[in-house]
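**Q** Each chain, letter by letter, is given below.
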Amino acid sequence: GENVEQHPSTLSVQEGDSAVIKCTYSDSASNYFPWYKQELGKRPQLIIDIRSNVGEKKDQRIAVTLNKTAKHFSLHITETQPEDSAVYFCAASIKAGGYNKLIFGAGTRLAVHP
Amino acid sequence: DAGITQSPRHKVTETGTPVTLRCHQTENHRYMYWYRQDPGHGLRLIHYSYGVKDTDKGEVSDGYSVSRSKTEDFLLTLESATSSQTSVYFCAISGQGGSYNEQFFGPGTRLTVL
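So the protein lines, in turn, are chains A and B. In terms of my numbering, the first sequence opens at residue 1164 and continues consecutively. In terms of my numbering, the second sequence opens at residue 65 and continues consecutively.
These aren't lab readings, by the way, just hints derived from the structure by calculation. It is possible that some hints are incorrect.
[What the hints assert, rightly or not] Non-contacting residues of chain A with respect to chain B, defined by C-beta distances greater than 10 Å in every case (computed):
(1) Q1169
(2) V1183
(3) K1185
(4) S1189
(5) E1202
(6) D1212
(7) N1216
(8) E1219
(9) K1221
(10) A1226
(11) N1263
(12) I1266
(13) V1275
(14) H1276
[Stated by the list, open to error] In the BS3-like style, the derived pairs of lysine-lysine whose C-alpha atoms are separated by at most 25 Å in a straight line are:
(15) A:K1258 x B:K117
(16) A:K1200 x A:K1221
(17) A:K1200 x A:K1185
(18) A:K1221 x A:K1231
(19) B:K121 x B:K134
(20) A:K1205 x B:K75
(21) A:K1258 x A:K1205
(22) B:K121 x A:K1258
(23) A:K1258 x A:K1185
Treat the numbers as computed from the prediction; the structure is a model and nothing was measured. Quick reminder that beta carbons are idealized off the backbone N, C-alpha and C, glycines included.
Based on the provided sequences and hints, a complete structural model is requested.
**A** Quick look at the structure:
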């Protein structure tokens, strides 16, 4: 079946450094790629997304890039802060039975150390 | 957070008993989803609904059933709970604002099956 692979599974950085999380997807028809942040004990929260008609999108310190040819997309966080510490999930859309669904990666636990 | 609530928020039950989890939304969104979250697996889709009385299976649907008799409510039933169904269950909604892909999550239900 369709799947999304996410790397690394854990990432530790110093405050102020950049963090990059990468995902690859298998369905060439996927056209929507969201990223979610989940703090401990909380619900996943959408932080940024990108659609297949653009290659990059930025929102303050976070950015997402998409390479459709290679079927991979990445989350970039610059000037990391301790409050960025969380688990991050990528996802890719698939269309099944005429309806859109999301397939999620396994998650990356980001730790930002002061 | 989008108007999504889940009940109960925590439940402990015994193997073999039926369990029903409720997701309630006030956003009038068309699509509703049930996921389970387990360490190392990210979020996996159990069932989804694309309208009242319209539901379909996700990737891990065995042992689960769903019902949607009203736009605002989506019920997940574990017909005979097993220890492998111990998990955190999240409901999600999408479909408003011109985008049928963005999903917003409820607060989650932590289920323990003894």
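**Q** State for each hint whether it applies.
**A** Against the structure, the hints:
{"no.": "1", "hint": "Q1169", "in the structure": "8 Å, violated"}
{"no.": "2", "hint": "V1183", "in the structure": "19 Å, holds"}
{"no.": "3", "hint": "K1185", "in the structure": "15 Å, holds"}
{"no.": "4", "hint": "S1189", "in the structure": "13 Å, holds"}
{"no.": "5", "hint": "E1202", "in the structure": "12 Å, holds"}
{"no.": "6", "hint": "D1212", "in the structure": "7 Å, violated"}
{"no.": "7", "hint": "N1216", "in the structure": "13 Å, holds"}
{"no.": "8", "hint": "E1219", "in the structure": "18 Å, holds"}
{"no.": "9", "hint": "K1221", "in the structure": "18 Å, holds"}
{"no.": "10", "hint": "A1226", "in the structure": "18 Å, holds"}
{"no.": "11", "hint": "N1263", "in the structure": "5 Å, violated"}
{"no.": "12", "hint": "I1266", "in the structure": "8 Å, violated"}
{"no.": "13", "hint": "V1275", "in the structure": "21 Å, holds"}
{"no.": "14", "hint": "H1276", "in the structure": "22 Å, holds"}
{"no.": "15", "hint": "A:K1258 x B:K117", "in the structure": "20 Å, holds"}
{"no.": "16", "hint": "A:K1200 x A:K1221", "in the structure": "16 Å, holds"}
{"no.": "17", "hint": "A:K1200 x A:K1185", "in the structure": "14 Å, holds"}
{"no.": "18", "hint": "A:K1221 x A:K1231", "in the structure": "18 Å, holds"}
{"no.": "19", "hint": "B:K121 x B:K134", "in the structure": "19 Å, holds"}
{"no.": "20", "hint": "A:K1205 x B:K75", "in the structure": "17 Å, holds"}
{"no.": "21", "hint": "A:K1258 x A:K1205", "in the structure": "28 Å, violated"}
{"no.": "22", "hint": "B:K121 x A:K1258", "in the structure": "13 Å, holds"}
{"no.": "23", "hint": "A:K1258 x A:K1185", "in the structure": "22 Å, holds"}
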